[in-house]
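This is what each chain is made of:
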Amino acid sequence: MSLPAYYTTKDKVWHYAFRVICFAIFFFLLAPILIMIPLSFNAQPYFTFTREMLTLNPEGYSLRWYQDFLGDDGWMRSIRNSFLIGIAATILSTTLGTLAALGLSRAEMPAKGLIMGILISPMIVPLIISAAGMFFFFSQINIAQTFLGVVIAHAALGTPFVVITVTATLVGFDQSLTRAAANLGASPTTNFFKITMPLILPGVISGALFAFITSFDEIVVVLFVAGVEQRTIPREMWSGIREDISPTILAVATILVLISIALLTVVELLRRRGERLRGLSPQ
Amino acid sequence: MSASDKRDGFVVFDKVQKSYDGETLVVKDLNLSVAKGEFLTMLGPSGSGKTTCLMMLAGFETATNGEILLDGKPINSVPPHKRGIGMVFQNYALFPHMSVGENLSFPLEVRGMAKSDREVKIKRALDMVQMGNFINRRPAQLSGGQQQRIALARALVFEPELVLMDEPLGALDKQLREHMQFEITRLAHELGITTVYVTHDQTEALTMSDNVAVFDDGRIQQLDPPDKLYEEPRNSFVAQFIGENNTLDGVVKEITGDECVVQLDSGDLIDAQPVNVSKVGERTRVSIRPERVEANKERLKEGAHTIKAQVLEFIYMGDVFRTRLKVAGNENFIMKTRNAPDQVRHKPGDMIEIGWLPKDCRALDHD
Chain D
1 MSLPAYYTTK DKVWHYAFRV ICFAIFFFLL APILIMIPLS FNAQPYFTFT REMLTLNPEG
61 YSLRWYQDFL GDDGWMRSIR NSFLIGIAAT ILSTTLGTLA ALGLSRAEMP AKGLIMGILI
121 SPMIVPLIIS AAGMFFFFSQ INIAQTFLGV VIAHAALGTP FVVITVTATL VGFDQSLTRA
181 AANLGASPTT NFFKITMPLI LPGVISGALF AFITSFDEIV VVLFVAGVEQ RTIPREMWSG
241 IREDISPTIL AVATILVLIS IALLTVVELL RRRGERLRGL SPQ
Chain P
284 MSASDKRDGF VVFDKVQKSY DGETLVVKDL NLSVAKGEFL TMLGPSGSGK TTCLMMLAGF
344 ETATNGEILL DGKPINSVPP HKRGIGMVFQ NYALFPHMSV GENLSFPLEV RGMAKSDREV
404 KIKRALDMVQ MGNFINRRPA QLSGGQQQRI ALARALVFEP ELVLMDEPLG ALDKQLREHM
464 QFEITRLAHE LGITTVYVTH DQTEALTMSD NVAVFDDGRI QQLDPPDKLY EEPRNSFVAQ
524 FIGENNTLDG VVKEITGDEC VVQLDSGDLI DAQPVNVSKV GERTRVSIRP ERVEANKERL
584 KEGAHTIKAQ VLEFIYMGDV FRTRLKVAGN ENFIMKTRNA PDQVRHKPGD MIEIGWLPKD
644 CRALDHD
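For the record, the sequence lines run as chains D and P. Letter by letter, the first sequence follows residues 1 to 283 of the working numbering. Letter by letter, the second sequence follows residues 284 to 650 of the working numbering.
If we strip away everything but chain P, and leave its shape as in the complex, we get:
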C-alpha cells in the first residue's frame, strides 16, 4: 500500500497513539486504512489495543497523537453523538426502559425524523434481523440471541455508512454464534456498509472478514485477507495466534533467495522458506500447520521433506484424526489428517516418518 492511497480509505488511522496514563502507550503508531464497503476485523488477545482503537473511532476515547479520518475528514474533535457511526456493544446496551420499537426509534427521533418515516424504517430494520414480531417487547423479555439481533437492528436503523462491532457474539452459545456470524456478514455485504469488527475469536475473524488486522502489544502485526493471514503468517506471533501451529526451534544455516536450511536444536537439518530471517546463524522458529503434515508416503508430494517421529497420542475426532507426535524433541507436534479410507490410524509408540513441503514450512522470528 503506497503512501498516497493510504489516506484515501473510508476510515483512516494515521500514526495514531493512545496512552491512558501519559507513560505507557496502549496503541503504538497505528496506521490503518479501511476501504468503503470493507469488512475489517481487529483480532488480538485482550490488552492488545484493539478495543481502544474501536473506542477512539467511536469517539469515546481520544487519540493521544495522530489523526483519525472518516471519509477524508479528521474526526478527532467531533463528539461521539455527531459522528453518525453505528455501534453494536459487547453487552448489547439496549435501553431497558424502552420497548424494542422505542429502542430502534431513539436514533431516528434524535435526528428529528417524522413518525411515519420512523415506523417504516423500524419495520424494515426489524424484518432485516427477523424480529418483526417483537416490536412491543422489552429487552428483559428477550433471549440473548434476540437481544443481539435488536442491538444489530438498532445500529443499522439510521443507515450509518460505518458500523462498529465490539465482540458482539461473545455471550452467545456456539451454534447461535455461527449462525449470527453468517447473518452479520450477509447484512454487511447486502447493505454495502463498512464494518470494523473487534474480536478475540480467530474463527470469527477468518470466516467473516475481507481483511483481518492482527493486534498485539499496541501494534498491527499483520493486515491481510484471511487466507493469506493463515497460510502466510509474517511472524511467530501471528502464526501462533491464528489457527493451530507446530513450531520447531533452530538456527539458520544457509539462505539462498526464497529457500533456507535450518538446523534444528535436535541436529536435524530441514528446508524451509525464510520469512523474517535474514542472515546465517540467526535463531529461528519454524512454523508448520498440522494439516500440512502427512504420514502417508503415497500422499506425499514431490520434493517433500521427511523426518522421523514418534506417535504419543492418537485422537479420533470424526472428520479428522489428530495425532500428537514427538518430532525433533518437540512433544506437542500435532498432525491433522483427514478421515479417509486409506488413512492410517497410528498407535501410541509407533515410530513413523512424516513429511511436508518446504514451502509450508516457514522460518520465522524467534521471540
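Next comes chain D alone, as it looks inside the complex:
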C-alpha cells in the first residue's frame, strides 16, 4: 500500500507513528496475558524463563502444572463452583435485568431515573463496600457462606450490565410491532415471547455474557460472603498465590483465558447469526 502523493514529510512520519502507537497499545494490553502461556509450560517451579526454555530445549517444558491442576480436588471443586455460581447468577440477573429494562422503557413508568440509578449502583459503588454490606446483611439472614448467598450477591453485581444492554436495545424497538401483534390477536404473554423477546435477544445475550464474566472473575465479594465450600477459581488462585507460589496458577490462568476466548467467540457468532436471521443487519 503506497501513501497518497500529496503527503508531506510530516504526514508520512505521523502515518507510521500512528501505527507504532497502536501496536504499543495492543502490546501493553496483551503482553501480560500472553506471557503466562509459555510460562505455564515451565518444567521448573519458577515464574521466569529458564535457559532451557529460551533455547527451545524440550527438556525445559512440561505439562506438570496442568497435571497438578487437574489432579487436585480443591481446583476441581473450584471450577465446579465457579460454573455453578456463574450460571445461576447469570440466569437470575438476566431474568431480573430484562424485566427491569422492559418496565423502565415504558412511557408511563414513574421515577425512571431514580430506579435506574439504584439498579446500576452495584457497578458504581466500590466493590469492597458492596461486599462488606452484603457480608453483614447476609450474616443477619443466615445466607452468608452458602451457595444461595454467593449467587444472590453475584446476581446483584451482574444485573446492571443486563439492564444497560437491554435498555439500549429497547431504544430502537418499534412499539408499533407489539401493537400490531396485539391487534392480530396475541395475548400479552404470546406477544412478549414471540415478538419482543426475539427482537431484543441480542441485547439480552450480551448482558448475560457480561453478567457471567462478572461472576466468573469476581473475588472481593467471594472473599467476604463465600465459605470453604463455595470457593471459586479466583478465590483458589488467590490463596494459591499467597500460600504456595507454584506455576499451577499459570496453568489455570491459561485455561481460563482459552475458556473466555471460546465463550466470547461462540456467543458473538450466535448473536450475529441471530441478527442476520432477524434481518436487523444488512446481509
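FYI, nobody ran anything at the bench for these hints, they're computed from the structure. Do not rely on the hints blindly, as some may be mistaken.
[Claimed, not checked] Cβ-Cβ distance ranges computed for the label pairs, FRET-style: (1) Gln424(P) / Ala5(D): 39 to 47 Å; (2) Leu56(D) / Asn419(P): 52 to 60 Å; (3) Gly427(P) / Glu268(D): 30 to 38 Å.
[As the list claims (entries may be wrong)] For the chain P half of the interface with chain D, some residues (derived, Cβ under 7 Å), not all of them: (4) Phe343; (5) Asn374; (6) Val393.
[Stated by the list, open to error] Computed list of lysine-lysine pairs in DSSO-like fashion (alpha-carbon distance at most 30 Å, straight line): (7) Lys584(P) / Lys619(P); (8) Lys406(P) / Lys194(D); (9) Lys10(D) / Lys112(D); (10) Lys365(P) / Lys194(D); (11) Lys398(P) / Lys194(D); (12) Lys194(D) / Lys404(P); (13) Lys457(P) / Lys398(P).
A virtual CB, placed ideally from N, CA and C, is assigned to each residue, including glycine.
Mind docking chain P on chain D? Use the hints.
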C-alpha cells in the same frame, strides 16, 4: 340520521371524548356510525383527533367518556387482542424476524388454527395482493410498496369484519399510491369488509370512500359522501380543506329563503347561497370552486353572476389552464378552465369579466 338508527351501525361512537392529560380534550363529543360494508374515511389535519379515534377503536387508547360499540356490543373494556379487528399501520409494522409467510401465519396461529388451514388462507391472502411468490422473503428484502401489500394481506388473512387503516399509503410514491388506492377499495368491496381509513390526503379520501368524516379540533365538521362534501361544504373549514377554494369576505345584506345577497369588502354585491349564515349584517366568507368560474361569455349559463377581474398570472398545466386573478381585492382568486379549442389563454394584465352561478357560490361562516 335519526337517534334510533344511530346505534344500529356496525361501528358506533356514542358521545366519545378523549383527553390525554385530563384537561384538554383531543376528541370532543364524537358521534359516528359506520354501516356494515361501508368504507369510511376520517380526514383531517394532524392533531385533529382522527388517529386518536382509530386508536380507541383498535383498543390502544381508552375513551375518557362515552361508548364505542362494535356490532352492537360495547367494546370499551375489551382488550385489543380480543377485538378481532384487522389493522394496517402507518409504518406497516411487519415483524422483521419473521418471513412473509410467518407474518401472515401469526394471527392464525394465535387463533389455534391447524397448519393445513393456515397454509390455504395464507396463500389466498397473498394471491389477493399479488404477492404469492414472496412467501419466504423477509420484510427487509421487500420494497416499500411490497411491504405495504404484505401488511394489507396480514390485516385481512384472519378475515376480520372490520379493518382499520392508519395512513397506510403515506410512505409510497405518487404512482404507487394511486395504484394502491384502487387496490384497497377493490378488495374492501369484494370482501364486503367494513373499513375505517385515516388520512390527511384529501384526494385519497375523495377517491376511495363511501363516506368521509372531516375532522378538525376534535370534532367531525362534516360527514358526507365525497361528492356532497366537495360540492356542498357545510362550513369554511371544510370548504378550505377539501379541494381548492376561492374565498371572498363580506357582509350579508339580504336573505330570502335559499338565496342571499352579500356585499363584499370591495363594495361589490353578489348573489350567493346561504349555508350557515342566518341574519342580515353577519360577516360571511363566500366560497367558490375554481372550476366553477368561467371567463368565456358563451359558456356562461343563464343567470350567472359576473364580476370584473384582473389577470395576474396564467399557468399552462396541460389538461387545464390555471389563471390567477385579482377579484374584489383578493389576489389569490384562481380560475381553472379546461384546455378546449375555444378557450382563451389570458395574459397577465388583461382586464376580463368572469362569472359563476349563484348556487356555486356558498356563503359560509367567517372564522
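Cross-check of the supplied hints:
1. Gln424(P) / Ala5(D): 39 to 47 Å: The hinted range 39 to 47 Å holds for Gln424(P) and Ala5(D), with Cβ atoms some 43 Å apart.
2. Leu56(D) / Asn419(P): 52 to 60 Å: With a Cβ separation near 57 Å, Leu56(D) and Asn419(P) satisfy 52 to 60 Å, so the hint holds.
3. Gly427(P) / Glu268(D): 30 to 38 Å: holds, 33 Å
4. Phe343: holds, 6 Å
5. Asn374: Where the cut-off is 7 Å and the nearest Cβ of chain D is about 6 Å from Asn374(P), the hint holds.
6. Val393: With a minimum Cβ separation of about 5 Å from chain D (threshold 7 Å), the hint on Val393(P) holds.
7. Lys584(P) / Lys619(P): Between Lys584(P) and Lys619(P) the Cα gap is close to 17 Å, so the pair holds against 30 Å.
8. Lys406(P) / Lys194(D): holds, 22 Å
9. Lys10(D) / Lys112(D): Measuring from Cα to Cα gives roughly 51 Å; hence the hint is violated.
10. Lys365(P) / Lys194(D): Holds, at about 17 Å.
11. Lys398(P) / Lys194(D): OK: Lys398(P) and Lys194(D) at ~18 Å, within 30 Å.
12. Lys194(D) / Lys404(P): OK: Lys194(D) and Lys404(P) at ~21 Å, within 30 Å.
13. Lys457(P) / Lys398(P): violated, 39 Å
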